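In order, the protein sequence lines correspond to chains A and B. Using the working numbering, the first residue of the first sequence is number 1, and each one after it goes up by one. Using the working numbering, the first residue of the second sequence is number 1, and each one after it goes up by one.
Hints should not be assumed to be uniformly reliable.
[As the list claims (entries may be wrong)] One side of the interface only, derived from the structure: several residues of chain B facing chain A at Cβ under 10 Å: (1) Glu5; (2) Gln9; (3) His10; (4) Ala12; (5) Asp13; (6) Arg14; (7) Glu17; (8) Ser34; (9) Glu35; (10) Arg36; (11) Val627; (12) Asp628; (13) Ile829; (14) Leu831.
[To be verified] Here are some chain B residues the structure puts well away from chain A; computed CB gaps all over 12 Å: (15) Ser104; (16) Ala384; (17) Arg598; (18) Arg776.
Just so you know, the hints here were simulated from the structure itself, not pulled from any lab data. In this text the structure is predicted, and so the values were computed from the model without any measurement. Glycine residues also receive a C-beta, built at the ideal position from the N, C-alpha and C atoms.
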Amino acid sequence: MRHMTGMLDRELKKGSAELLILSLLEAQPRHGYDLSKLIETQSGGAIVFRVASLYPLLYRLEKRGWIVGRWVEKAGQRRRRFYRLTPAGAKVLASQRDTWREFVDAISRIAQVDHA
Amino acid sequence: MTRREEIEQHLADRYDELRAQGMSDADAARAIESERLELEGDRGAGLLADASGDVKYAWRTLRKNIGVSAVIVLTLALGIGANAAIFSVINAVLLNPLPFREPSQLIRIFHTYSKLPEGIESLSPADFYFLRERSRALESIAMYIAPNEGFAFVDGDRAMQVYGAWTSADIFKVLGVKPLLGDTFAAGDDAPTAPRKAVISYAFWRRVYDGNPNVIGRQVRIAGQSMPIAGVMPAGFWYPRGDRADVWVTRAVAMPTRQGPWGLSTLARVRKGVTPADLGADLDAAAQAVQKRFPGPGERWTLVTRPLKEQAVRDIRPVLLLLFGAVAIVLVIACVNVANVMLARATAREREIAVRTALGASRARIVRQLLTESVVLAAIGAMAGLAIARVLVKTVLAMAPQNFQMLRDVEAPIDGRVLLATVAVAIVSAAICGVVPALVSLRSSLSATMGDGRSGMDVPRRRRLRSALVVAEFALSLLLLVVAGLVTRSLLRIESVDAGFRSDHLLTLTISLPSNTYDTPQKITAFYNRLLDAIRRMPAVESAALADGLPAGFATGGTNFHVDGHPMANGEAEPIAESPFVSGAYFRTLGIPIVAGRTFDERDADPKANNVVMINRTLARRFFGDVDPVGRKLMVSGNQDSTIVGVVGDVKYSPLDSADPEITIYTPFEQIPFRVMIVAIRTVGDPLDLVASVRNEVIRLDPEVPLGRTRTMEQLMSDSVERPRFRTALLVMFAVVALVLAAVGIYGVMAYSVSQRTREMGVRLALGAQPVDVTRLVVGEGLRLAIAGVACGVAGALALTRVLSTLVFAISPLDPLTFGSVTLLLVAIALAACLIPAYRATRADPLAALRAE
Chain A
1 MRHMTGMLDR ELKKGSAELL ILSLLEAQPR HGYDLSKLIE TQSGGAIVFR
51 VASLYPLLYR LEKRGWIVGR WVEKAGQRRR RFYRLTPAGA KVLASQRDTW
101 REFVDAISRI AQVDHA
Chain B
1 MTRREEIEQH LADRYDELRA QGMSDADAAR AIESERLELE GDRGAGLLAD
51 ASGDVKYAWR TLRKNIGVSA VIVLTLALGI GANAAIFSVI NAVLLNPLPF
101 REPSQLIRIF HTYSKLPEGI ESLSPADFYF LRERSRALES IAMYIAPNEG
151 FAFVDGDRAM QVYGAWTSAD IFKVLGVKPL LGDTFAAGDD APTAPRKAVI
201 SYAFWRRVYD GNPNVIGRQV RIAGQSMPIA GVMPAGFWYP RGDRADVWVT
251 RAVAMPTRQG PWGLSTLARV RKGVTPADLG ADLDAAAQAV QKRFPGPGER
301 WTLVTRPLKE QAVRDIRPVL LLLFGAVAIV LVIACVNVAN VMLARATARE
351 REIAVRTALG ASRARIVRQL LTESVVLAAI GAMAGLAIAR VLVKTVLAMA
401 PQNFQMLRDV EAPIDGRVLL ATVAVAIVSA AICGVVPALV SLRSSLSATM
451 GDGRSGMDVP RRRRLRSALV VAEFALSLLL LVVAGLVTRS LLRIESVDAG
501 FRSDHLLTLT ISLPSNTYDT PQKITAFYNR LLDAIRRMPA VESAALADGL
551 PAGFATGGTN FHVDGHPMAN GEAEPIAESP FVSGAYFRTL GIPIVAGRTF
601 DERDADPKAN NVVMINRTLA RRFFGDVDPV GRKLMVSGNQ DSTIVGVVGD
651 VKYSPLDSAD PEITIYTPFE QIPFRVMIVA IRTVGDPLDL VASVRNEVIR
701 LDPEVPLGRT RTMEQLMSDS VERPRFRTAL LVMFAVVALV LAAVGIYGVM
751 AYSVSQRTRE MGVRLALGAQ PVDVTRLVVG EGLRLAIAGV ACGVAGALAL
801 TRVLSTLVFA ISPLDPLTFG SVTLLLVAIA LAACLIPAYR ATRADPLAAL
851 RAE
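Bound conformation, chain A alone:
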């Protein structure tokens, strides 16, 4: 059983990190630092991505074709790499949202935490 919970745990965390990134890219393209700041502030500091966590994830998502990065240069600034959601990524996001919602609902029903 220990093994099973470990697996679930791992999938869960991995999935949630992907979901966060995809969600934040849904509205507009963003660069990596922007993403990490948003996650930290919007989660109230509960979730922190450091470079060693963030970029491997971004590259993995890019490799799967869910997001795509592009260098953008603006006058007077160093160039940055902006990521945007691909159509494939949008589909994944939708399905992950559903899965997540179902999952949270299920947990909440069992654990009766929805009123908390």
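Chain A is fixed; fit chain B onto it per the hints.
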């Protein structure tokens, strides 16, 4: 490249923001650097491809925790160093071939028959003669005698005592060693009519002749016979005795006229392709020829062989293997300690590992990283260990007893094989230290949450593993301490053996008279009597006497005997007694009590007078019971009837650690005067003050008589326990290292456990627990581990009783004093090691703890 640029951009943004929030430049830079560090470790995620990434990352991680890393490296260095040192000695002595041509073909040949207590004994001239004449299986054969007392060596006006061997002509041919200068012996040099020749060792050539090449052909007198120096052997040639290789002198091999006497050492080279069965049949044929030529009473005997190597390392082998076992235990304890530290550290790094795992770093990837760290540690430890080994090898060899010839003579360099073995040991240690913590931390790292700022909980599983490691450590330490304790107690027992005489204020010196000038018993007796008279007149001398051997392992030999009127039943072997030849003042000089009868005097000095002997108390009791033995007769050496004139107290002539009691027959030295005798002098003051005047007296009497070894009896007694002392000193040394490591180990575990439970301790204190309760909690936990370890160790020692019984003298292998004190010592060490963490636990701040909750 673009990835690096992107991340550098990110880090620059981060830095700017931190500065904008008011952080100092240094702090912001440090924050950035720490992120970059994490990044470089994650090569597997494909961020910054760098071939040496793992090692670099490991190096940085280790440098960040320089204190812990230093402890780990030092611990491993001690374990690896001790192993490398003992292994390089084992390599040089046991593994490397002997420095002779095709050494695997070399054998020693012995006699054996069923009643022989030692199993094998040396050959007689008849055996040697027949083997040399008849054997087809042997390519060459040589015999030698290495007299303990050495030879008188005279070159011009220089007289000295030298050591070496009488040999037959072929000894160098058998060994396949060529001379450095001149020649060795030629076939026929040992014919009875051939002139004698000498070959000298390299060391002797340098010492006595300053390495002068003109020494070849120089005439010298050895043991009274004139002969030329035929050759100089190369450096490092030592056979048969490394500590005493000065000269080799040819000895005549004549057609024997009887089967005995025994006492020839025999060395042979087996022809290539000869099977053991062929060799056995060949030796049997020779043995039968001897028995046919010299038929005698008693059981049929046979010839047996032993590899030369086996014989050469017979004494040293068990000691080296024992020490190897000891250092192996030290290494295991060291590894257990390091594994424990790594485990604790893995716990502290749980979050790092959790993040990486969550980001998709594979299990193998993380294990590899943790393993790389322990390999880097082990590599540094191994290098430091080799440095320790160099020093340790020197120390071990310098401590080696004189009579461990293989050790005294050997150089134990750190060669390829030692390096290879050390690398192997380091890799295995790294695996032990790294894999277990890596696997354990992987299993639980996933339970730590990503956003949780606290480090992971101390998983009970892991705590159990750490506890088990401490228990194992204590068990092994106990085992090693018990062994060290047993040999120490045995050594003390040996040293306090009552040898039956007073060893203080006794000077001994060996004198060997040249045979050409002292060619009759009268001349020998006259010289010694004049010398004794002169010595007795010296002011600081209480008494002086002669003997051909000394107690405590310096005896010269035994004789067989039976009580007159009680011959042995057919086939029964006669008892053998120690048989020193002594002058009448011997007993007074050594302080041996005369129990009945009298000592030897002028009446016994005439060789034509009736033979008389004195016996010791044990012989009297065993063979005469309640009857007064004085006046009764012994048949000594088969048929020589001797009247017993006195009974003296028991004296130990065999080595001090041999079984007692023994039987002794004393004979007046005048009856068979030997040229080589020991003068024993009881002095009033320091015995060594007398050496110069005795030396002058010998020169005044005869300038050609060399003065041999001059030692006080106390020095001799100390020499006689050199081997047990050597073994004991090294075992105690390694046991102390093990003890220190075990103490560090339990301290580390308790300190870590307390630091993990600060919150719990704080809460306990806040809820009204007294500091003494918290102390009891911590100390109790530590003591439970220590006691469990000690119990396991005692169980292990009980299982090893048979091995332990080979190490002890006059105590039980389960000596309660040793076991008791070692147990107490370990528990006390554990207690001390737990008190510091316990004290720290009592200082846990209840408020801080509650706030954290």
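Results for each hint:
1. A hinted interface residue such as Glu5 of chain B counts as satisfied when its beta carbon comes closer than 10 Å to some beta carbon of chain A; here the least separation is about 8 Å, so the hint holds.
2. The closest approach between the C-beta of Gln9 of chain B and any C-beta of chain A is roughly 6 Å, which is under the 10 Å cut-off, so the hint is satisfied.
3. For His10 of chain B, the suggested interface contact is upheld, since its CB lies about 5 Å from the closest CB of chain A, less than 10 Å.
4. Look at Ala12 of chain B: its Cβ gets to within about 8 Å of chain A, closer than 10 Å, so that hint holds up.
5. For the restraint placing Asp13 of chain B at the interface with chain A, the shortest Cβ-Cβ distance is roughly 4 Å, inside the 10 Å limit, so the hint holds.
6. Annotation: Arg14 of chain B was flagged as interfacial toward chain A, and the flag holds, the nearest CB pair being 7 Å apart, inside 10 Å.
7. A hinted interface residue such as Glu17 of chain B counts as satisfied when its beta carbon comes closer than 10 Å to some beta carbon of chain A; here the least separation is about 8 Å, so the hint holds.
8. A least Cβ separation of about 9 Å between Ser34 of chain B and chain A falls short of the 10 Å threshold, and the interface hint therefore holds.
9. The interface hint given for Glu35 of chain B holds, since its Cβ lies 5 Å from the closest Cβ of chain A, which is under the 10 Å cut-off.
10. Among the interface hints, the one on Arg36 of chain B holds; its C-beta lies about 7 Å from the nearest C-beta in chain A, closer than the 10 Å criterion.
11. Of the supplied interface hints, the one on Val627 of chain B is violated, with its beta-carbon coming no nearer than about 85 Å to a beta-carbon of chain A, more than 10 Å.
12. Hint status for Asp628 of chain B relative to chain A: violated, with the closest Cβ pair at about 87 Å, above 10 Å.
13. Among the interface hints, the one on Ile829 of chain B is violated; its C-beta lies about 37 Å from the nearest C-beta in chain A, farther than the 10 Å criterion.
14. Here the hint on Leu831 of chain B is broken, as its CB sits about 36 Å from the closest CB of chain A, past 10 Å.
15. Every C-beta of chain A lies more than 12 Å from that of Ser104 of chain B, the closest at about 56 Å, which supports listing it as non-interface.
16. The Cβ of Ala384 of chain B sits about 32 Å from the closest Cβ of chain A, beyond the 12 Å cut-off, so the non-interface label holds.
17. Every CB of chain A lies more than 12 Å from the CB of Arg598 of chain B, the least distance being 91 Å, so the non-interface label holds.
18. Look at Arg776 of chain B: its CB is around 33 Å from the nearest CB on chain A, clear of 12 Å, so calling it non-interface holds up.
Comparing the model with each numbered hint stated earlier shows that hints 11, 12, 13 and 14 do not hold.
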